[in-house]
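Using full-length UniProt numbering, the first residue of the sequence shown is number 1, and each one after it goes up by one.
The set of hints was computed from the structure by calculation and includes no laboratory data.
Watch out, some of these pointers could steer you wrong.
[What the hints assert, rightly or not] Within a straight-line C-alpha distance of at most 20 Å, the following computed EDC-like cross-link-like pairs (lysine to aspartate or glutamate) qualify:
| hint | residue 1 | residue 2 |
| --- | --- | --- |
| 1 | Lys50 | Glu35 |
| 2 | Lys52 | Asp32 |
| 3 | Lys50 | Asp70 |
| 4 | Lys52 | Glu42 |
| 5 | Lys28 | Glu49 |
| 6 | Lys52 | Glu39 |
| 7 | Lys37 | Asp70 |
| 8 | Lys50 | Glu24 |
| 9 | Lys67 | Glu13 |
| 10 | Lys17 | Glu60 |
| 11 | Lys67 | Glu39 |
| 12 | Lys17 | Asp70 |
| 13 | Lys50 | Asp32 |
| 14 | Lys52 | Glu12 |
| 15 | Lys17 | Glu49 |
| 16 | Lys50 | Glu12 |
| 17 | Lys67 | Asp32 |
| 18 | Lys67 | Glu49 |
| 19 | Lys52 | Glu24 |
| 20 | Lys50 | Glu66 |
| 21 | Lys50 | Glu39 |
| 22 | Lys52 | Glu35 |
| 23 | Lys67 | Glu24 |
| 24 | Lys28 | Asp70 |
| 25 | Lys28 | Glu39 |
[Said to hold, decoys possible] FRET-style restraints, in silico, Cβ to Cβ:
| hint | residue 1 | residue 2 | range |
| --- | --- | --- | --- |
| 26 | Glu66 | Ser38 | 30 to 40 Å |
| 27 | Ala69 | Pro41 | 18 to 28 Å |
| 28 | Asn31 | Lys67 | 30 to 40 Å |
| 29 | Asp70 | Lys28 | 22 to 32 Å |
Built from N, CA and C at the ideal position, the CB exists for glycine as well.
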Amino acid sequence: MDVKTTVTGSDEEDLIKSNLYGEEWAQKAYNDALEHKSELPENVMQMVEKQKQASLTTCERLRQMEKAAD
């Protein structure tokens with residue numbers, strides 16, 4: 001993270017916000033995919049649900065980091 005901060009000129013809070021934005025976007029994509037879960041093979045649906053849960057966990061952690069950085 002320090003290398004990226006140095007290269008981009010961003011601080012830690014900006015990097016957290018950027019990552020949080022990406023994870024929130026991913027959540028929307030997972031939700032869209034799961035709206036059509038009847039069209040997905042069972043193994044794909046399970047993989048999407050597992051990835052969505054991992055992304056939710058990451059979002060929660062990033063929000064905690066964002067609050068701590070304030």
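Against the structure, the hints come out as follows:
1. Lys50 - Glu35: Satisfied, since the Cα-Cα distance of roughly 15 Å is no more than 20 Å.
2. Lys52 - Asp32: holds, 11 Å
3. Lys50 - Asp70: Not satisfied, since the Cα-Cα distance of roughly 31 Å exceeds 20 Å.
4. Lys52 - Glu42: Measuring from Cα to Cα gives roughly 15 Å; hence the hint holds.
5. Lys28 - Glu49: At roughly 12 Å apart (the allowed maximum being 20 Å), Glu49 and Lys28 satisfy the hint.
6. Lys52 - Glu39: At roughly 18 Å apart (the allowed maximum being 20 Å), Glu39 and Lys52 satisfy the hint.
7. Lys37 - Asp70: violated, 39 Å
8. Lys50 - Glu24: holds, 16 Å
9. Lys67 - Glu13: holds, 9 Å
10. Lys17 - Glu60: holds, 12 Å
11. Lys67 - Glu39: Since the Cα atoms of Lys67 and Glu39 sit roughly 39 Å apart, the hinted pair is violated (cutoff 20 Å).
12. Lys17 - Asp70: Measuring from Cα to Cα gives roughly 12 Å; hence the hint holds.
13. Lys50 - Asp32: holds, 15 Å
14. Lys52 - Glu12: violated, 25 Å
15. Lys17 - Glu49: violated, 24 Å
16. Lys50 - Glu12: violated, 28 Å
17. Lys67 - Asp32: violated, 29 Å
18. Lys67 - Glu49: violated, 27 Å
19. Lys52 - Glu24: holds, 10 Å
20. Lys50 - Glu66: violated, 24 Å
21. Lys50 - Glu39: holds, 17 Å
22. Lys52 - Glu35: Within the cut-off at roughly 13 Å; holds.
23. Lys67 - Glu24: Roughly 17 Å separates the two Cα atoms, so the pair holds.
24. Lys28 - Asp70: violated, 26 Å
25. Lys28 - Glu39: Holds. Lys28 to Glu39 sits at ~18 Å (cutoff 20 Å).
26. Glu66 - Ser38: 30 to 40 Å: With a Cβ separation near 36 Å, Glu66 and Ser38 satisfy 30 to 40 Å, so the hint holds.
27. Ala69 - Pro41: 18 to 28 Å: Given range 18 to 28 Å: violated, Cβ gap about 41 Å.
28. Asn31 - Lys67: 30 to 40 Å: Since Asn31 and Lys67 have Cβ atoms about 24 Å apart, the given range 30 to 40 Å is violated.
29. Asp70 - Lys28: 22 to 32 Å: About 25 Å separates the Cβ atoms of Asp70 and Lys28, which means 22 to 32 Å holds.
The earlier numbered hints that this structure contradicts are 3, 7, 11, 14, 15, 16, 17, 18, 20, 24, 27 and 28.
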